[in-house]
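With these hints in hand, go ahead and build the complete structure from the sequences.
Chains as they are written, first to last, in my numbering: chain A, 1 to 224; chain B, 1 to 229.
Check each hint, because a few of them may be wrong.
If you only want the chain B side, here are some residues facing chain A, beta carbon under 7 Å, derived [stated by the list, open to error]: (1) Ile23; (2) Arg61; (3) Arg62; (4) Ser64; (5) Ala78; (6) Tyr86; (7) Asp90; (8) Ser91; (9) Leu92; (10) Phe105; (11) Thr108; (12) Gly111; (13) Leu112.
Pairs of lysine to aspartate or glutamate residues, derived as DMTMM-like cross-links and limited to a Cα-Cα distance of at most 25 Å, are as follows [stated by the list, open to error]: (14) B:Lys119 <-> B:Glu136; (15) B:Lys133 <-> B:Glu162; (16) B:Lys133 <-> A:Asp81; (17) B:Lys133 <-> A:Glu23; (18) B:Lys133 <-> B:Glu79; (19) B:Lys119 <-> B:Asp184; (20) B:Lys119 <-> B:Asp90; (21) B:Lys133 <-> A:Glu18; (22) A:Lys200 <-> A:Glu128.
Bear in mind the hints are in silico, worked out from the structure with no lab data behind them. Each residue gets a CB set at the ideal place from its N, CA and C atoms; glycine is no exception.
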Amino acid sequence: MADFRIAWATLTRDVRLELRTRESFNAMLFYALLVVVIFSFAFESEAELTARVGGGLLWVAFLFAGLVALDRAFVREMPGDTLTGLLLSPAPRAALMAGKFVSSFVLMLTIEAVLLPLFAVLFNVSSEVHWGGIVLTVVLGTWALAVTGTYFSAMSIHTRHRALLLPLLLLPVAIPAIISMVQATQVFLSRSGVANYWWKLLFGFDVVFTALGLLLADVVLDVD
Amino acid sequence: MQPPTVNSQPLLHCDRLTRFYGIFPALREVSFQLPAGCLVGLYGPNGAGKSTLLHLLAGVRRPSSGSILLGNARAGSAEARQRTGYLAHDSLLHPHLTVTENLTFYATLYGLPATAVGKALAQTRGEYLAALKVGELSQGMRQKAALARCLLHTPQLLLLDEPFASLDRATVEELQQALAGLRDAGMTILASTHTPQLLEGLADGAMVLERGRLRQCELGLRSAEAGKH
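Rendered as structure tokens:
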């Protein structure tokens, strides 16, 4: 219960900071809109074409926007050196990390909730697609990116080329999740059945990397 | 109130502390003990190892060799963190949050109720800071808020890194009074400063570091002074 309170306090503090500064939100929205709008100029907005490439396109936008949020997850702790303040406390590192996972997840989902309807309009997505399946894929995929990205964000916080290092560390590890989220989205956009196999893979990835992230929180948050 | 005696049971026990940064030895074979309820000044020129020693004691960094015990707890353990307060160069408070928001968050991390925030602010006479954003505070106000953060969990050991830096005369005096009160209440305080005069008449002991070595460690200064008069 104490761990839950610590994770909740970390989450609410991060959300409050984001609402007050909008540092991540504005940059994320800008990147995501840029990708979706530029691709909408490049492709004819035909339902058939969207069914073939829409999944990849959507996740490129989500991934670019997500990288901004993930980079900020621990950069947010640099003014006033609040990261040291967190680590001076006796709070379990796993609880702090869990709060950070969820705050990255919430921020990414917020942007995705804005972007998904816009994508549907700009790319003429048929109203008959399985939206429930797409939303579940987005939730599972975003959690995969939030967990791995936040973990690597903590790892790279004290490095000189942090912004470059984060995608270099994250993308190779997240490849199984990225393939699954793109394929699952594609299945639903093309209305070619259900994506049970890709969902299972995504769910497995989420469980394994959440557990690893929490178990190794002590190691990754060790500033020494 | 009687000044503490040097014969009290040691609260802090450091044994042959050594810390390297790469190949540079920032601290070498530093050993000392501090009893409960004393205020000790930590002096030395820039680069002497004062901040490194405080980092090791706070558990922010680990020694390359040697050991630190706070009571029976090893420095850096959750138990030692619960009993240690550390005033760093930075306030460790987020500039976009108010003092109360910052302290309430820290109270949760230390497993304390929100009422601890008001108590800590009252101890530093900083109640008027509660609703102000940390980014809008002056240096002296920020130092008060940072000290309140350190006192939230009523630590047994209070580590202060240059607590008087950039403060005006009035704020220095206020801080000196607060430190005397905390020491008299039984807290062990180790304060580093470039200006030993600021701790004159207040400190029970002095430790002098030079090039990472402990050149002098003297306790019972106040009791000796009291004996002279």
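Hints, one by one, checked against the model:
1. For the restraint placing isoleucine 23 (chain B) at the interface with chain A, the shortest Cβ-Cβ distance is roughly 17 Å, beyond the 7 Å limit, so the hint is violated.
2. Of the supplied interface hints, the one on arginine 61 (chain B) holds, with its beta-carbon coming within about 5 Å of a beta-carbon of chain A, less than 7 Å.
3. A hinted interface residue such as arginine 62 (chain B) counts as satisfied when its beta carbon comes closer than 7 Å to some beta carbon of chain A; here the least separation is about 5 Å, so the hint holds.
4. Using the Cβ-Cβ criterion of 7 Å, the hint placing serine 64 (chain B) at the interface with chain A is not satisfied: the shortest such distance is roughly 10 Å.
5. Using the Cβ-Cβ criterion of 7 Å, the hint placing alanine 78 (chain B) at the interface with chain A is satisfied: the shortest such distance is roughly 4 Å.
6. Checking tyrosine 86 (chain B) against chain A: minimum C-beta separation of about 6 Å stays under 7 Å; hint holds.
7. For aspartate 90 (chain B), the suggested interface contact is upheld, since its CB lies about 4 Å from the closest CB of chain A, less than 7 Å.
8. For serine 91 (chain B), the interface hint holds, since its Cβ comes within 7 Å of a Cβ in chain A; the closest pair sits about 5 Å apart.
9. At about 3 Å, the closest approach between the beta carbon of leucine 92 (chain B) and any beta carbon in chain A falls short of 7 Å, and the interface hint on this residue holds.
10. With a least beta-carbon distance of about 5 Å to chain A, the hint placing phenylalanine 105 (chain B) at the interface is held under the 7 Å criterion.
11. Interface restraint check: threonine 108 (chain B) against chain A, minimum CB-CB distance 4 Å, threshold 7 Å, status holds.
12. Given the 7 Å rule on beta carbons, the hint for glycine 111 (chain B) holds: about 6 Å separates it from the nearest Cβ of chain A.
13. Checking leucine 112 (chain B) against chain A: minimum C-beta separation of about 10 Å lies over 7 Å; hint violated.
14. In summary, the hint linking lysine 119 (chain B) to glutamate 136 (chain B) is supported, as the alpha carbons are separated by about 22 Å, within the 25 Å threshold.
15. A hinted pair counts as satisfied when its Cα atoms are at most 25 Å apart, and lysine 133 (chain B) with glutamate 162 (chain B) qualifies at roughly 23 Å.
16. A distance of roughly 16 Å separates the Cα atoms of lysine 133 (chain B) and aspartate 81 (chain A); the hinted pair therefore holds under the 25 Å criterion.
17. Only pairs whose Cα atoms come within 25 Å are accepted, and lysine 133 (chain B) paired with glutamate 23 (chain A) is accepted, the gap being roughly 17 Å.
18. Annotation: proposed proximity of lysine 133 (chain B) to glutamate 79 (chain B) is violated, straight-line Cα distance about 31 Å (limit 25 Å).
19. Distance hint between lysine 119 (chain B) and aspartate 184 (chain B) is fulfilled; the C-alpha atoms sit about 18 Å from each other, no more than 25 Å.
20. Proximity of lysine 119 (chain B) to aspartate 90 (chain B) is assessed by CA-CA distance (about 22 Å); at most 25 Å being required, the pair is judged to hold.
21. As the CA atoms of lysine 133 (chain B) and glutamate 18 (chain A) are separated by approximately 15 Å, the hinted pair is consistent with the 25 Å bound.
22. Our distance criterion of 25 Å between C-alpha atoms is met by lysine 200 (chain A) and glutamate 128 (chain A), whose separation comes to about 24 Å.
Comparing the model with each earlier hint shows violations of hints 1, 4, 13, 18; every other hint is respected.
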